[in-house]
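Visitor: Residues per chain, in single letters:
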Amino acid sequence: MNEMRYFPREKLATLIAAIKEAGYRVIGPRVEPGQGGLVYCEIAGAEDLPQGLSDEQSPGRYRLVPNGSKRYFAWANTASAIKPYVFVPRERLWSVVRKEGRLHFEPTHGQAEKTAIIGARACDLAALALQDAHFLRGKYVDTYYRARREKLLLVAVNCSHAASTCFCASTGDGPEVSGGYDILLDELDEGFIVRVGSSRGAMLMTDFPTTAATTEQIALACAQGEACRTAQTRRLPDEHLLPRLMQNLESPIWDDIAERCLACGNCTAVCPSCFCHREFDNPALNGKTTEHWRDADSCFSEDHSYLVGEVVREHTRARYRQWMTHKLATWVEQYGRTGCTGCGRCTTWCPAGIDFALEANRLLADEEGAR
Amino acid sequence: MKTQNCYLPHEAEILERVQETPDTFTWKLRFTDPDVAQHYSFRHGQFNMLYLYGVGEVAISVMSGDGSNLWHTIRAVGRVTKAMMALPAGSHIGVRGPFGSSWPLDHARGKDIVFVTAGLGCAPVMSSIRYVVAHRAEFGRLVIMQSVRHRHESLWEPQYEAWRALPDTQVLLTASRDKTRWPHWELGRVGVLLDKADYAKDNCVVMMCGPDAMMRDTASTLVELGVPGESVFVSLERNMQCAVGHCGHCQFGGKFVCKDGPVFAWPAVAPFMSVKEF
Chain W
13 MNEMRYFPRE KLATLIAAIK EAGYRVIGPR VEPGQGGLVY CEIAGAEDLP
63 QGLSDEQSPG RYRLVPNGSK RYFAWANTAS AIKPYVFVPR ERLWSVVRKE
113 GRLHFEPTHG QAEKTAIIGA RACDLAALAL QDAHFLRGKY VDTYYRARRE
163 KLLLVAVNCS HAASTCFCAS TGDGPEVSGG YDILLDELDE GFIVRVGSSR
213 GAMLMTDFPT TAATTEQIAL ACAQGEACRT AQTRRLPDEH LLPRLMQNLE
263 SPIWDDIAER CLACGNCTAV CPSCFCHREF DNPALNGKTT EHWRDADSCF
313 SEDHSYLVGE VVREHTRARY RQWMTHKLAT WVEQYGRTGC TGCGRCTTWC
363 PAGIDFALEA NRLLADEEGA R
Chain E
79 MKTQNCYLPH EAEILERVQE TPDTFTWKLR FTDPDVAQHY SFRHGQFNML
129 YLYGVGEVAI SVMSGDGSNL WHTIRAVGRV TKAMMALPAG SHIGVRGPFG
179 SSWPLDHARG KDIVFVTAGL GCAPVMSSIR YVVAHRAEFG RLVIMQSVRH
229 RHESLWEPQY EAWRALPDTQ VLLTASRDKT RWPHWELGRV GVLLDKADYA
279 KDNCVVMMCG PDAMMRDTAS TLVELGVPGE SVFVSLERNM QCAVGHCGHC
329 QFGGKFVCKD GPVFAWPAVA PFMSVKEF
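Protein chains in written order, with my numbering: chain W, 13 to 383; chain E, 79 to 356.
In case anyone wonders, no lab produced these hints; they're calculated from the structure. It should be emphasised that the depicted structure is a prediction, and the values quoted were computed from it without experimental measurement. Treat the hints with care, as some may be off.
[Unchecked claim] Quick look at which bits of chain W chain E covers, simulated, 3 or more residues with Cβ under 8 Å:
no.	region
1	97–109
2	114–120
3	152–163
4	287–298
5	318–328
[What the hints assert, rightly or not] List time: in silico DMTMM-like cross-link candidates among lysine to aspartate or glutamate, alpha-carbon distance up to 20 Å:
no.	chain 1	residue 1	chain 2	residue 2
6	E	160	W	262
7	E	354	W	262
8	E	354	W	315
9	E	354	W	293
Using N, Cα and C, we set each Cβ at its ideal position, and we do this for glycine too.
One chain only, chain W, in its complex shape:
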């Protein structure tokens, strides 16, 4: 199944057309005015992909720059992850009709569309596996998430370009995709190496003309993956060291971070693994019906830790500590690995430019010094 095949660049449009033909809504990275970067949106075809564009990222900064290439995927990652297509940031869970004092509960039935995501990255697929563990593999299954997840087709593309904020090599989640895809592409200068990872992917590729990938093409793909790995300068500390953050909960470094942190929640909004959400009612003015919704929430919001008229985590220091220690340390107890896949979005999209990997390293260095 993992045979490496090849097709020339102009056939990507044909592949996308075939996916549409198979009944999928096609989502891909595209330049969206006003979004400040690439985002995953519905695309009509290959012409909507960001051909000839690269991203420049650094703490608090994201810019798209022309690169003079014909490549579609010569960028590191998008502003938002693929998360919103599975864990939807706002959705109605159920509604109630009130009639003569009685309540009639009606669940929102999953009307998930068949959705194909073109260009998913290794970090985002690793994060999707984390979300699957959270919403599907626990004691309770989120039926809303499941409905969309089951209809998802993932066309992944291995990274050939690392942003300065990327650190997936240190978390072990990239830059090469290691699983969880239906179709996997390596983009070369003239075309794509393609592999299938599921029967669904294999079915789509059945009638799609490809040739065997040559040794040279495979070597080129490996080389650009390796270059992408070595280009990464940021690193997260080793996973076995991270639980030691829990021994450093009173470090003055948390105060230092809190002086810069605006508690805006951008990091949690762009994080591909964050799952917090709040529930609320939205009653109709006629008093006869109401809808129960959920919104993506952030542990940086004041009411996240609301409890019996009080707020447990009143200060930004405690909220940043909650976000980082959960993501990097206590997540391991819950899901067997950290909740960070090294995409670096929390750092890029932090308006204060707080460098997540750097701060984690500082905290561990401080902890080691204190021992």
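Keeping the supplied structure of chain W fixed, place chain E upon it in accordance with the hints.
Guide: Chain E only, in chain W's frame:
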């Protein structure tokens, strides 16, 4: 299909309503769908999500249950509970549950049983106390400690007085802010009761429910007195919206209080109970 959706409440009727104190009331509830009522069963210490039309849900421990009826005791302190207090008997609400872990009554047989509660923390242990009382011979001594700010805020005092008359049973009550010392009442916080409690420290199970600070201090004191930490159980309260470990609000270290708790063995949560704003 309905039963598979863990977020969806079932309709229940408020059969009776008791105003316990000016801000605390008890509902007797029954699911309106007999099929739901028949399949519902809870373990002592678990909670339900109660839903008020157009307002929202709150996590409330099951105070008592007798098969088809459920009792919940609620203090009007937040947006949802304040609105709930206005509902008369005969109204309909939504209920889903039960959720969470329960008191370790099965592991407590043959041992002395100690309940330590403060304020409305008495409600989540009420069904457990009744269970121990109903199966009195299966357990050792029974010690019930309850602290309130003022005696007039205390719930179910006649019930406590009735328990006082049981064999091998001690009922200790204290009021922290009263000036009058009533018969059978101490003055001070729950700590003043610990010296008077008579139980086998090396063969007991302690079940505790109250504010974080009270549980932290009491559990630490009990451990200092020689009670093994693994014999102390606490019921934590955190913001809960989904009750199934999905929404993230009740995350506490590596635990979700709603799913892994609310009842925890003390050593599982002790390291974080003394961390401010954790």
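Visitor: Determine for every hint whether it applies to the structure shown.
Guide: Tested hints:
1. 97–109: holds (count 3)
2. 114–120: holds (count 5)
3. 152–163: holds (count 4)
4. 287–298: Check passed, 8 qualifying residues.
5. 318–328: holds (count 8)
6. 160(E) to 262(W): It is violated: about 37 Å lies between the C-alpha atoms, which goes past 20 Å.
7. 354(E) to 262(W): holds, 9 Å
8. 354(E) to 315(W): Holds, at about 17 Å.
9. 354(E) to 293(W): violated, 32 Å
Checked against the numbered hints above, the structure breaks hints 6 and 9 and satisfies the rest.
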